[in-house]
Amino acid sequence: MESIISVQHLKKYYKVYKKQPGLMGSLKALFARKYESVQAVNDISFEIEPGELVGFIGPNGAGKTTTLKVLSGLLYPTAGEISVLGFTPWDRKPEFQKQFSLVMGQKNQLWWDLPAMETFLLNKAIYEIPDTQYKHTLNKLVTLLDVKDVINIQVRKLSLGQRMKCELIAALLHNPKVLFLDEPTIGLDVVMQKVMRDFVREYNTTFGATILLTSHYMDDVKELCKRVIIIDHGKKLFDGKLQDIIDKYAKNKILSVVFSKETDQKKLETIGKVKSFEFPSATILVPRKEASRLAAKLLEDFSIADLNIEEPPIEAIIRDVFQNGK
Amino acid sequence: MENKLLLNSLKKYWIVAKVSWINGFTYLTSFVMFRVRQIIQVVVAFSLWEAIFASTITAFGYTSAQMFTYIFAASIIGYVVTSSRTIDVAGVIHSGDLSLYLVKPLNFFLFWFSRDVADKLQNVIFSAIELAVLFFIFHPTLYIPTHISTIFLTLFTVGGAMVMFFLINTMFGLLGFWTPDVWAPRFLFYTIMFFTAGSFFPLDIFPNSIVQALSYTPFPYVIFFPTKVLLEQLSSVEVVRGILFTGMWVGLCGLGVFTMWKKGVHSYEAEGR
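From first to last, the protein sequence lines are chains B and F. Numbering-wise (my numbering), the first sequence opens with residue 24 and increments by one. Numbering-wise (my numbering), the second sequence opens with residue 1485 and increments by one.
For reference, chain B alone in the conformation it holds in the complex:
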């Protein structure tokens, strides 16, 4: 299948100016400014096929949002070849803009002092959406997100969750084929995060839209994305199935043990690194390849009531990847 998004060797460098603190620093900066080049994205390549829902993860400043901005045509890349829906994004052609949408969790397109409905009508005109399509899509989205009662209330009177739902509707009225979601659940409570996740999944399957999602909440990524792209310091670290991250990066397995008799922690440390021990339970980190042998040794040397061999949580693996800068 042909890619709907193609990114080849994308580089985006920023020039940032450094100022010394204080009044003297400000005065000096008036006459001589020191600039520094920051490599926000440094040689990233990936392809995304139509209908895929891909998670784009990385710590703050990794280059996720910069990549999304280049893909949306907001930024000109320093180098690289990028194609979205067959268009060069920064040409900002209307035919391209009518087929994608960018939702930024921290930027609002809704008119603050007017009901969301006014923004919807404005977007209908901006995207030149035919009446029947507009009514059909609006009804569907309003029902899916359960906001019938709030779309005629001033936006500033709405809760963050209600606002975010209306932001999504405004962004999706023109049925975009490609959707860039930048931290769509930021600041939302757990219930609302779940609602948003369900909606994104539903939108992906119902409309067959291609979605690229960034989020700091691993739950978003775990629940929605089969494929993830991990970047850090502007470099791609991983691109593949979420499950494959464990195979590639997890060095340890976790032995969760329940003892039937009192035991000594020092003796336990001969098995592996004791992460927690509070009789009768303990968790021990052991090298992945030796997990079976060490589990057998544990059963031999100790009185065990229960033993489980577990994979470490994905969050911990990714955190290790970032911390070790691999």
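The set of hints was computed from the structure by calculation and includes no laboratory data. Predicted model only: the values in this text are computed from it and were never measured. Treat the hints with care, as some may be off.
To be verified - According to the in silico footprint, chain B covers these stretches of chain F (three or more CB under 8 Å from chain B):
#1 1493-1499
#2 1505-1518
#3 1583-1596
#4 1632-1644
Each residue gets a CB set at the ideal place from its N, CA and C atoms; glycine is no exception.
Assemble the complex: chain B is given as a structure, and chain F must be docked to it using the hints.
Okay, now just chain F, sitting in the frame of chain B:
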């Protein structure tokens, strides 16, 4: 097909103007205060000239009736030309909200021009009441143009002034790509315009050398020139010269806007996420 595209495009910016108009009513206090400021300015101008004409029949070649008529007409034209929403452009760029415009099939300048038109319409409608009150207080002679062509010429020159003023303001707004300090240069421009656009007095009361010097700047074409056209106080040559100069400034400012936009969008970093 092309007609449909044009119609859709017109509809797009008509809705922008409509939503902007509706939004304008939510800031009622700001709107009322802005109107109060405009009234005070006109009342000050009227009172000043009333005091001057208390001891003389003519001043600077104008009778009191001619002067009041000028100020009355200049007020109406000033309301139309100088009310603008472009003051928000710099903030939109600097805050990174420009991203919301750049991802849409929308012309950024037509969007803001539509908002400007909505703002002008709102101001003109509400100023009608104020002008009626001022009319009854100061009794300016209403000048009815003798030629139908004057109406068209006035509309044309006011249109030119609107576009020129929009482009000048937009240039100040586009400074937001490089600096948050847009307020200071804009303030300086408005201060100069305060004295040189002709809203409080006709510029031809200045010595000829100053009038000549000013004619090379954009300022007289904001209010003074269209007002003089409306009052039929210019020769054909002066009208043509004024139109050419307005056109020249529209062209120069348009080029300025185009260049700044090209450079600005390239350096834009879409801050604030």
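Outcome of the hint check:
{"no.": "1", "hint": "1493-1499", "verdict": "holds (count 4)"}
{"no.": "2", "hint": "1505-1518", "verdict": "holds (count 4)"}
{"no.": "3", "hint": "1583-1596", "verdict": "holds (count 7)"}
{"no.": "4", "hint": "1632-1644", "verdict": "violated (count 0)"}
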